[in-house]
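K.L.:
Below are the chains, spelled out letter by letter.
Protein chains: 2
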Amino acid sequence: MTEVETKKPQESLQDRLNQVVELLHKHKLVEDLAHRQEGQHQDIVENLVHRQNLAELQRKLDELHPADIAHILESLPLDDRLTVWQLVKAERDGDILLEVSDAVRETLIADMDDHEILAAAKEMDADELADLAPELPRDVVHELMESLDAQQRERVRSALSYEEDEVGALMDFEMVTIRDDVSLEVVLRYLRRLKELPGHTDKLFVVDYDGILKGVLPIKRLLVNDPDKEVADVMASDPVTFQPDQDGYEAAQAFERYDLISAPVVDKNGKLIGRLTIDEMVDLIREESESEVLNMAGLREEEDIFASVWKSVRNRWAWLATNLVTAFIASRVIGLFEGSIEKLVALAALMPIVAGIGGNSGNQTITMIVRAMALDQVQTSNATRLLRKELGVALVNGLVWGGVIGVMAFYLYGNWELGVVMTAAMTLNLLLSAFAGVMIPMTLQRLGRDPAMGSSVMITAMTDSGGFFIFLGLATLFLM
Amino acid sequence: MTEVETKKPQESLQDRLNQVVELLHKHKLVEDLAHRQEGQHQDIVENLVHRQNLAELQRKLDELHPADIAHILESLPLDDRLTVWQLVKAERDGDILLEVSDAVRETLIADMDDHEILAAAKEMDADELADLAPELPRDVVHELMESLDAQQRERVRSALSYEEDEVGALMDFEMVTIRDDVSLEVVLRYLRRLKELPGHTDKLFVVDYDGILKGVLPIKRLLVNDPDKEVADVMASDPVTFQPDQDGYEAAQAFERYDLISAPVVDKNGKLIGRLTIDEMVDLIREESESEVLNMAGLREEEDIFASVWKSVRNRWAWLATNLVTAFIASRVIGLFEGSIEKLVALAALMPIVAGIGGNSGNQTITMIVRAMALDQVQTSNATRLLRKELGVALVNGLVWGGVIGVMAFYLYGNWELGVVMTAAMTLNLLLSAFAGVMIPMTLQRLGRDPAMGSSVMITAMTDSGGFFIFLGLATLFLM
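Protein sequences, first through last, are from chains E and V. Counting from 1, one number per residue, gives the positions in the first sequence under full-length UniProt numbering. Counting from 1, one number per residue, gives the positions in the second sequence under full-length UniProt numbering.
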């Protein structure tokens, strides 16, 4: 982990991106010219300009932090992205690969040969290798593993044995361990001998001779206590610990709740096997919120915004197909009442209002419930109460807005019975949308599925078919 | 900030919540009984049981970290919430108030008298007071300010002078400052004299006699370097700094990008005036993603899931009203074509398919664009390219799914011209939804608005009215 010493980089990140884009465009312009012109003399001149531009671009990129380059790569279309990648990949490719999003990483790795990948991986820690491994060609991974020493290989294997979002896959192995029977003075001297401490070291891990975690010594305490004191007297002996098979998102919530910076991971016997750090947790928190947004909208996964049309189509395919089926069902519901619509064509114009407002209101409910579930605020014990509240909101909205729309229907079509049916249908559909908005995510969770998954598509399906059925059914009963 | 030493609290948080709920229910059951029974003897017995339950609950709560109590309060309906609040508020009300969400905090403060609020606020730091102040009664704030010393008052005032999400409102004042002309040994002795270091102290701030920031001394370097060295030789002299009027979310992104734990805030002259810490930034990252979700669904703000029906109605009112207007417009679009529907009632059954799938696909596009914008990946320079890609995806989806639906329409109604119109309308509406999905958030951003704000409602409005117009228009042109 490199120490950052650039001044106010966040201010000018956008500027830097723009500078890179500008240099890229200059470069491309010259390339285009070179293609079009034939004279040899001109070729040489343009080649010079071309090289100057690339050199300038290279200089610019060399100044940037790997995280900034990652951001620039993510913000560039594929061809520009690969031009930049060619310029930076020789030296800092490893750091950059670890910073970019999965979707973009795939495009970068596809541009590297085995030799380049191996060189990039050589400088990585075991946990970083494990992060990268699933996306590398199989034989490259094999060769990589061969090149590691036994402890490193064991660590990579262990990290790979856990699910992507389990603590075991998120932890690193850069723990500084000490014994509890030494003085703080000895600890201070020990640290000095290390020359460098791992990033995010806010505490040292106190272990016994079998590697069992006995406590943690926060650096804060090491600094303010008398150096003659023993570690055992100063350490926190009952720290927050995590198990490797625990859900990473739970760990992230604990980090957030208890303001942790690093925390030990122990196995079933209490043996220290790794540590979690806040930077991994922040990434997880962000990813979790993102996948909530994406899943609700029916996107299968994070999408490289410059992905090919074909890739994007595949990413959105599943939920669109589902939506097609539900829309077809809604259409058949209307088909049931074609006779009524023929007699009173106003029904065709009014029915989308009932369905649309139900869908909108249902989306509000479901968004709120999915969020509360992500924060663990919803239990079976309070489900009924939540449902009652949402039904109350729906009833108020239905009577008020349904009333408004009913009056408008009356004015438009001069038929007061149509107005009453409209109000009644709006109210009933809003009640249905509230019911579905609470029950869909709860049912998904009980089935062990992600409650956000396509919930927006599902609620819209319910309120569409339901709305048409309620409105056209009531109209057929009372107006025909 | 209290040091957490509870063992694996994250494992049992849900259990603890359940225990509290159970105790609360016991307590309420007894209360109910006491209300119903009249005999005096029984009253006394039940009063005893009642008190025992409360005592047990109190014991349970006393063991918990303020953040855990905050979580429990957020997960309880209002009456239970206030019962628990009564039990905890005497001692740790300040810590807990700072941990709960804004919506829940409001309900808790409403339950406190001025005296209690003042007592709770007494132990807070200036930045915490500033967080709380906007939600307190005006005269309480006045009294609070009177009770502060000049420096504290000045700090609260300064924090209050910034927007809620500016760095100046997010920073705290717990900086440990040192001079650059002393040895590390002197620094170590100075820290020991402090007895305690502020939370999240991963670096010390090096300032000159005028308070101008000259660099930072990471604790890591303090620990591994020779104590005889001078601060000036070891410090990082060009650290990442922030300005108080900078956007907090930008700062949070910088924290994430550069793996920061704390960072100095300086004024225009380079004078150190505060510091940002990762815990505030994590909160901000979470809030930002949440407000994105909420805004897209048309919820005005974060909602206490147990808010009263009336409060919830108000929170959702604005976008529902907008939706009512847009639905009405869509209805009038259909009204234009009532003649065609009378002649061919199949149009009424098929038109929601065109509108619905357009809405769904538009929501996928807009979700992706809003996310990319939040990550600063979208510039005007790549807008055209994005638009072209989304139009490409829409074209593929329109021809494929529109084709499927066209064939189905043909089979259902035995009218091949209807099938062709259906396919054409689907394709055109998907192109419209892609166009709107890219342009709506971009336009909102150019107007200086939040691109997520109600974007889902807006895109649905476009694809509904647009879809009806395209489909019914084509049908009227070619089928009548």
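Each hint should be verified, as a subset may be incorrect.
Straight-line distance between alpha carbons at most 30 Å, and here's what the computed DSSO-like set of lysine-lysine pairs gives [unchecked claim]:
id, chain 1, residue 1, chain 2, residue 2
1, V, K195, E, K214
2, E, K195, V, K268
3, V, K229, E, K229
4, E, K60, V, K195
Here are the simulated distance ranges between beta carbons [claimed, not checked]:
id, chain 1, residue 1, chain 2, residue 2, range
5, E, E185, V, D79, 55 to 63 Å
6, V, R59, E, D165, 34 to 42 Å
7, V, A110, E, D228, 32 to 40 Å
8, E, K122, V, A119, 55 to 63 Å
9, E, P137, V, D228, 32 to 40 Å
10, V, E230, E, A232, 55 to 63 Å
11, E, L194, V, R388, 51 to 59 Å
12, E, W416, V, G414, 33 to 41 Å
13, E, S183, V, A119, 55 to 63 Å
14, V, A150, E, R59, 20 to 28 Å
15, V, L447, E, D15, 16 to 24 Å
16, V, D102, E, E22, 41 to 49 Å
Since the hints were derived computationally from the structure, they do not count as laboratory data. Quantities reported herein were computed from a predicted structural model and do not represent experimental measurements. Every residue, glycine too, gets a C-beta built ideally from N, C-alpha and C.
K.L.:
The structure should be examined with respect to each hint, and the outcome stated for every one.
P.N.:
Each hint tested on the structure:
1. K195(V) <-> K214(E): 24 Å, holds
2. K195(E) <-> K268(V): Violated - the C-alpha atoms of K268(V) and K195(E) are around 36 Å apart, more than 30 Å.
3. K229(V) <-> K229(E): 25 Å, holds
4. K60(E) <-> K195(V): Not OK: K60(E) and K195(V) at ~46 Å, beyond 30 Å, violated.
5. E185(E) <-> D79(V): 55 to 63 Å: 56 Å, holds
6. R59(V) <-> D165(E): 34 to 42 Å: 36 Å, holds
7. A110(V) <-> D228(E): 32 to 40 Å: Since the Cβ atoms of A110(V) and D228(E) sit about 52 Å apart, the hinted range of 32 to 40 Å is violated.
8. K122(E) <-> A119(V): 55 to 63 Å: The hint (55 to 63 Å, Cβ to Cβ) holds, given that K122(E) and A119(V) are roughly 60 Å apart.
9. P137(E) <-> D228(V): 32 to 40 Å: 52 Å, violated
10. E230(V) <-> A232(E): 55 to 63 Å: 34 Å, violated
11. L194(E) <-> R388(V): 51 to 59 Å: 54 Å, holds
12. W416(E) <-> G414(V): 33 to 41 Å: Because 39 Å falls inside the window, the suggested range holds.
13. S183(E) <-> A119(V): 55 to 63 Å: Hint violated: Cβ distance 42 Å, outside 55 to 63 Å.
14. A150(V) <-> R59(E): 20 to 28 Å: Violated - the Cβ-Cβ distance for A150(V) and R59(E), about 50 Å, lies outside 20 to 28 Å.
15. L447(V) <-> D15(E): 16 to 24 Å: This hint holds: roughly 22 Å between Cβ atoms.
16. D102(V) <-> E22(E): 41 to 49 Å: 43 Å, holds
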